[in-house]
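K.L.:
Listed below, chain by chain, are the residues.
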Amino acid sequence: MVKRSIGLTGLVLLVLGVTGIGRTALAQDAASCGDCHEQSKTFPANPHGRAACDLPGDAACASCHGDGKAHMEAGGDKSLIKGLHGAKGAETCLTCHDVTTEHTSFRDGVHGASETVNCLTCHSVHTPHAKEPNLLAKRQTELCASCHQGPAASLRGKAFVHRLDRGGLSCASCHNPHGRKGEGALKLTRQGEMPCLTCHSEKRGPYVYEHVGPTVAGMTGGCLSCHEAHGSNNPKQLTRPRIDLLCLECHSTLAAGALGSQPPATHNVSLPRWRNCTTCHVAVHGSNRSPKLLK
Amino acid sequence: MRTDRILLAALLPALLLTGAASAQDVPLDLELGYRWTDVSGNEDMFRNQVNEREGFQIRALSYGLGDIRGTNAIDHFRIDAADLGIGPNGLFRLEAGRTGYWKLNASYRLTDFYSNYPTIANPFLEAGSLESQHAYDRTRTTMDVDLELLPGKAVRPLVGFSYSRYAGPGLTTYHVGQDEFGLDQDLKEKDTEYRIGVAFDAGAFSGQVVQGWRQFRGEETLRLSPGAGAGNNPGTILGVPITLTSLTRTSKTDIDTPVTSAVVTGKLGKAVRLTGTYVRAKADGEDESSENLAGNLVSFDILRYFKTLAEQTSATSEALSWRGSIRADIHVSSGFDVTAGYTRRSRELDGYGLVNDLYGSTTTFSGFDPRDVTTILQSQTRLKREEDIFDVRASLKVAGPFSVRIGYSENQADINVVNDPSEVVVPGGQGGQYDRKVGTFDGGLLFKLSGLSLGVDYVTQNADNAVMRTDFLDRDRIRVRGSWEPAKWFRIGATAEQIDTENDDAGYGLDGKVKTYAGDLEVGPWNWLRLRFGMGRFEADNSIDYRIPQTWATATSVYAEKGDSLEGGLTLDFKPFTLEAQLRRFENEGSFAYELDRARVRAGVDFTKMFGIAAEWDLDDYTEKNRSYGTGADYKANRYGLYLRIHP
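Protein chains in written order, with my numbering: chain X, 5 to 299; chain H, 42 to 689.
Calculated directly from the structure, the hints in this document are not laboratory data.
The reader is advised that the hints may include incorrect statements.
Claimed, not checked - Once the Cα atoms are required to be at most 25 Å apart in a straight line, the calculated DSS-like pairs of lysine-lysine come out as:
1) 191/X with 135/X
2) 191/X with 348/H
3) 556/H with 207/X
4) 194/H with 293/H
5) 82/X with 529/H
6) 616/H with 556/H
7) 311/H with 296/X
8) 529/H with 191/X
9) 142/X with 207/X
10) 666/H with 677/H
11) 135/X with 308/H
12) 529/H with 296/X
13) 348/H with 45/X
14) 142/X with 616/H
15) 135/X with 311/H
16) 603/H with 478/H
17) 92/X with 311/H
18) 142/X with 308/H
19) 142/X with 92/X
20) 666/H with 240/X
21) 308/H with 92/X
22) 191/X with 240/X
23) 207/X with 308/H
24) 135/X with 92/X
25) 240/X with 529/H
26) 323/H with 240/X
27) 135/X with 293/H
28) 616/H with 296/X
29) 529/H with 92/X
30) 86/X with 144/H
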């Protein structure tokens, strides 16, 4: 662990030393927009600025805000320049960022451009948060929490959670903010599996004896049959605190036609030894060695 | 670890190219220092939940140069890091590139996993033991590198690499000879993927095709834990105490999976866009395992006592997954969009397992007929799952202050399970053909005027059948949201949500109700001060019938949750001083009652333009209620961090 820390620190410091940490002036054009708008001075270092670096003069600004001549002549009349706010403003962003795939739609996803939620609700083109990627306006978890108070309070308050406040885990690790409606706008793996397998890849299988095959969104089987993805009140983020009840809710032959076996009568769940099913059935995620998932 | 270093070193050349940097858009901010911990009570539970340990770490790092066009190789780069070192969640991320030439995204994550819960795999909990027989202390190292060449051009080659290593010691158990024995576990698993592809943009058509090759390699070694030879069962079997004197099992798993994915989007005029997707993954797995044990044991399978067991297992598994979809997005007019799609998903699994057991020094239950006995178990399993999904959705987004969306989707799943007779515990319910169709209607209405936003979402789902017993037949969800932000310095918001789940068919008795209420208030009367308050209530009442194994009687499993959260915090930015403080309290009165108080304070001061210091204090105070084992799982953990800040 100590070696790990020293090694990583050394690498980062070496890189910073070599790259030089001094700052020099930005390359600037004598753009007329810049006479009033300070943002245009730092714009070349912005991803949009780089993309528009070959455009002359005010053309970079005009590519999003339209021709600023009338705006300038009117002494900065805001009504004479195109803003990017609201659903109509988002159409300007969509001119370039109209990404459409099976699961993603910038135009029509869960956060598709409406008056209530649009590009500038989460992104800030000119003044993004310094420590966030993708020109996000604030810290990502803070942004999501401003509308999704329920999951946020659950993740912040409950005892057994995916801890989002430290390290690299964020809402967007599992959810696609531009995802289409349905299946929680989950960020599926490239193979189309639950995002859980991105980190917990050893659960992917395949196994000769599968418990529940990896599936998309827990319609039948899948991680969410037993686990809660956000905050849980139960150890291991399980949906139930008692393992025997969690198992027996599926493993009962009370109803004909459902998938799930019944434990034999030797499993006397009134005794502690039998109440912890996973003490024996250790391979609950699947096994290649034991039909009864014992190893 | 060696591979980690090689991979990290591979990132270095890209960073060295930035030596001639001349401008920056993310100022350097480096924070490094030490964290101390002070934990009283159950340290295992603290590690289960928080797992922050004492040691050195890079608390935060960010640095980016956004306009370095003077160099030929690179015009921007950015690095971010957080909590690298003692962990438990460390991240290093790099973005670099030259516009129009190349774009690199790389990330490195280090995550520590710890598990030792008193209520999991602990048959002696009621006898007072809080030590789980299943525990692990492992680390996952993850790296992803994606390089896109010629970004923005008509044809863009793509190269990528992903790496994940999960390793570390653990404790587990093994059920053999009519008892369970504790085992020491050593696990090493590695998952890598190489991928190449091409993205294209040819007029009306764009898309990408990527071919990946994924490899999973796993090795596990198990040995009888010291002192675990007496097993979990204090009694005897047929009058004989069951003991194990030695056990060693080694196993190796190899899985190779080529993954092909393709997506093509075509524009038909300005209004219609068609997207086709195809993904195929074929996993071929092999698993070999060897086990040797000795002791005094019983097997009801061979109806004998035995003293040694040598087992060889080999297994192969093949899983073919594919998904194809076609979708039309129609931009009817400004703010009015319609989308419709059809997806077919398929997963087909074939498994073959061979278990060869040699029981040594066996005798009958009467003590006669000594001999060695061999058994062979040969299994074949098969699972096929096919899903047909279609959906249609319309949204009207610019209707004055209103936005409306409605949609309908249908999912037809056909599942065929052919399990091996060896898997059958009690006849029935494990194999066969299962079908389920779920129809989902959803609608939403949003209203926004000045700073006021209101929204309501409603989803209703109906299924014709349950495949698993916990599947619903009817589920309804309604969610109402509101927020008011009259000025940048004031925002108040609230959400209420209710989900009702039902399957009242005979033998199921599934009835679930989940209610969530949450709200928050943010006030920033001055630029240097921001206050936040939040509260939430989580209620759940779920019940489902089940059969008690030992009596065959019907009972009801009831799960309840009644949790209240309360939080408050302030951020003070009064340069050169900064202060962040948060207090949180969560109290659950449901099936697993507990209280959790959390506090966090972070104070910083910049001594000079280049150097500053930050101090942190974190508190987690966890108390369980109504436990048969008393307060043994409770803990109180203080963590103190002191960090040097460098921000030239």
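K.L.:
What are the numbers of the hints the structure violates, in ascending order?
P.N.:
2, 3, 4, 6, 7, 8, 9, 11, 12, 13, 15, 16, 18, 23, 24, 25, 26, 27, 28, 30
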